[in-house]
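Sequential numbering from 1 applies to the sequence shown in the numbering used here.
Among the clues, some could well be false.
[Stated by the list, open to error] Listed next, the in silico DSS-like pairs over lysine-lysine satisfying Cα-Cα at most 30 Å (straight line):
1) K388 with K420
2) K420 with K475
3) K370 with K262
4) K435 with K452
5) K296 with K370
6) K443 with K263
7) K269 with K359
8) K370 with K245
9) K72 with K296
10) K443 with K372
11) K425 with K435
12) K204 with K26
13) K407 with K388
14) K359 with K193
15) K335 with K352
16) K87 with K72
17) K452 with K388
18) K388 with K335
19) K56 with K80
20) K262 with K245
21) K245 with K448
22) K448 with K476
23) K359 with K372
24) K335 with K372
25) K142 with K72
26) K353 with K388
These are computed hints drawn from the structure, not numbers from a lab.
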Amino acid sequence: MKYFLIVLFLCTTIEAQTILPTQIDKQIIGFTFNEDFSQARKISQEQINKNPNSPKYYYYMINAKILEYYQKVAELAPEKREEGRKKLNREIIKYCEGVVQKFEDASLNTENKFYFSTIYGYLARVYGVDGSWWSAFRTGLKAKNLAEEVIKANSNFYDAYLVIGMLNYYSDRLSGVAGFIAGALGFSGDREKGLSQLRLAYEKGSLTFGQSAQTLIEVYSSLEDNETAAIPVFENFLMQFPENKRTLNAFCLELMSVWEFKKVESIIKADNRNLVSEYVKARFYDMRAEGDNAIKFGEAAVENEREQPRGGVSASRYIVVYNAWLDGDNVRIRKHYAELNERSLENFNLAKKYERENKWLRELTSLIAKDKSVAEFEAFTKTSPDFKNLNDLADQHNYLMGSFYYKNNLFDKAETWFKKSVTSKNERLRNTAVKHLLEIYLKATVDKSKAKYLADVINDIDNDRLSYRARDLEKKYNL
1 MKYFLIVLFL
11 CTTIEAQTIL
21 PTQIDKQIIG
31 FTFNEDFSQA
41 RKISQEQINK
51 NPNSPKYYYY
61 MINAKILEYY
71 QKVAELAPEK
81 REEGRKKLNR
91 EIIKYCEGVV
101 QKFEDASLNT
111 ENKFYFSTIY
121 GYLARVYGVD
131 GSWWSAFRTG
141 LKAKNLAEEV
151 IKANSNFYDA
161 YLVIGMLNYY
171 SDRLSGVAGF
181 IAGALGFSGD
191 REKGLSQLRL
201 AYEKGSLTFG
211 QSAQTLIEVY
221 SSLEDNETAA
231 IPVFENFLMQ
241 FPENKRTLNA
251 FCLELMSVWE
261 FKKVESIIKA
271 DNRNLVSEYV
281 KARFYDMRAE
291 GDNAIKFGEA
301 AVENEREQPR
311 GGVSASRYIV
321 VYNAWLDGDN
331 VRIRKHYAEL
341 NERSLENFNL
351 AKKYERENKW
361 LRELTSLIAK
371 DKSVAEFEAF
381 TKTSPDFKNL
391 NDLADQHNYL
401 MGSFYYKNNL
411 FDKAETWFKK
421 SVTSKNERLR
431 NTAVKHLLEI
441 YLKATVDKSK
451 AKYLADVIND
461 IDNDRLSYRA
471 RDLEKKYNL
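Model the full structure from these sequences, guided by the hints.
This is the structure:
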């Protein structure tokens, strides 16, 4: 009996040990998340050839293929993007289905069951991208069941929470046909639980740091507009994978959205691999009112369209035209004017119509971007034009004033300015004001009636990002 208990204890201890990546695994992970996909695929295939009866290196191969897919789609010309996306997605589906067929009846240990559960998770995701929702959730259910078996066998296998967390979070956000199918298959979703599970994989997992970090970045930055939560994840990811161009540029844009220009300046100065895109540099210099550099990098972005983040080329054209207008460079304006999109044309015409007010707002923007002191900022604001009846320009003024005080943690003053645009007819500027009030009420503690009013405003706004963040407001103030 004593011998049996010792053996049982040793088996349990071995099974509960944390699984660490081997040196070969670390090489593949490094190549994958530093976006050297050909090397990642090469080493993965070599290991598949050596270990054909394990799903492990198929897991690494699929991860590299999916990330490479995103890069290839982003580099396609806009008119070819939809067709290219479908073609590339079908290629990944075909590969994943082959792997699933190979191992679905295999007897797998806990580690290999984890890899296989994540492969199912990857397949569910690409089915979703393809719009094949029934297949996506049936496959997701298999992924979830396998991941739960892994956790039951080894409670320290925190990486398995990645798949479960993704399924819980994303299911909660679905509506329409996808939401109906998810509900029919038992995926009711749970945002808070999903986020908690994703963070568990991110903070305690040993194999999936790259995947869990990028998932949290997508959730916080793209789906919930929560820069406060996103920025530390960006920083941790880029410390491990500094050559990930896509994430680095997204990080720079995120930093500029919260006026952290000193950090962006440091990144640009240290960029000896030329990873920072021309669009990011153009936007950086434009917001600091450094027109010559804004034009230089804006035109470079237009010339190097494939390397820019989505929307970067259109924004760069406007940066060039606007700064050329400030310089009186009509030749450069004529060169790019015809290619401006509708929103850029509206902004440019507004700038010309209200030239004095627009130039003053540009200077105000540069003061925030250059991290000027409260005294310098407030001295300049005394020269403000009258924005009372100028609608969009008034909302821009409110946003910039609120942003400066928010950045400097002067929340009472920030709140005063943002509240002025809550009823704006400009949907984008209204939502921006509401989003900042939401951040203030979550960071500070205000009267419950203010939180209730903001929650009601958000409830009337058709904006998923605000609606999901509002759940945190409702929880904090017990609304």
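Hints versus structure:
Annotation: proposed proximity of K388 to K420 holds, straight-line Cα distance about 11 Å (limit 30 Å). Under the criterion of a C-alpha separation no larger than 30 Å, the hint pairing K420 with K475 is consistent with the structure, at around 26 Å. A C-alpha spacing of about 8 Å is found between K370 and K262, which places the hinted pair at or below 30 Å, so the restraint holds. Proximity of K435 to K452 is assessed by CA-CA distance (about 15 Å); at most 30 Å being required, the pair is judged to hold.
A hinted pair counts as satisfied when its Cα atoms are at most 30 Å apart, and K296 with K370 qualifies at roughly 20 Å. Only pairs whose Cα atoms come within 30 Å are accepted, and K443 paired with K263 is accepted, the gap being roughly 22 Å. At most 30 Å may separate the alpha-carbon atoms for a hinted pair to count; K269 and K359 meet this at roughly 28 Å. The suggested pairing of K370 with K245 holds, with an alpha-carbon distance near 25 Å, which does not exceed 30 Å.
Proposed proximity of K72 and K296 is supported: the alpha carbons are some 26 Å apart, at most 30 Å. For the given pair, K443 sits about 23 Å from K372 by alpha-carbon distance, which is consistent with the 30 Å threshold. Taking the CA atoms of K425 and K435, the gap is near 16 Å; set against the 30 Å cutoff, the hint holds. For a cut-off of 30 Å, the pair hint linking K204 to K26 stands: about 17 Å separates their Cα positions.
A hinted pair counts as satisfied when its Cα atoms are at most 30 Å apart, and K407 with K388 qualifies at roughly 24 Å. At roughly 47 Å between alpha-carbon atoms, K359 and K193 are farther apart than 30 Å, so this suggested pair is violated. This hinted pair checks out: K335 and K352 have alpha carbons roughly 18 Å apart, not beyond 30 Å. As the CA atoms of K87 and K72 are separated by approximately 11 Å, the hinted pair is consistent with the 30 Å bound.
Restraint check: the Cα-Cα separation between K452 and K388 comes to about 28 Å, which is no more than 30 Å; the hinted pair holds. The hinted pair formed by K388 and K335 fails the criterion: a straight-line CA distance of about 35 Å is larger than 30 Å. Among the hinted pairs, K56 with K80 is inconsistent with the structure: their alpha-carbon atoms are about 34 Å apart, more than 30 Å. Distance restraint check for K262 and K245: the Cα-Cα separation of roughly 19 Å lies within the 30 Å cut-off, and the hinted pair is therefore satisfied.
For the given pair, K245 sits about 43 Å from K448 by alpha-carbon distance, which is inconsistent with the 30 Å threshold. A threshold of 30 Å between alpha carbons decides the hint, and for K448 with K476 the separation of about 10 Å falls inside it, so the pair holds. For a cut-off of 30 Å, the pair hint linking K359 to K372 stands: about 18 Å separates their Cα positions. For a cut-off of 30 Å, the pair hint linking K335 to K372 is broken: about 35 Å separates their Cα positions.
Using a Cα cut-off of 30 Å, the hinted pair K142 and K72 holds, with the two alpha carbons roughly 29 Å apart. Between the alpha carbons of K353 and K388 the distance comes to roughly 16 Å, so the proposed pair stays at or under 30 Å and holds.
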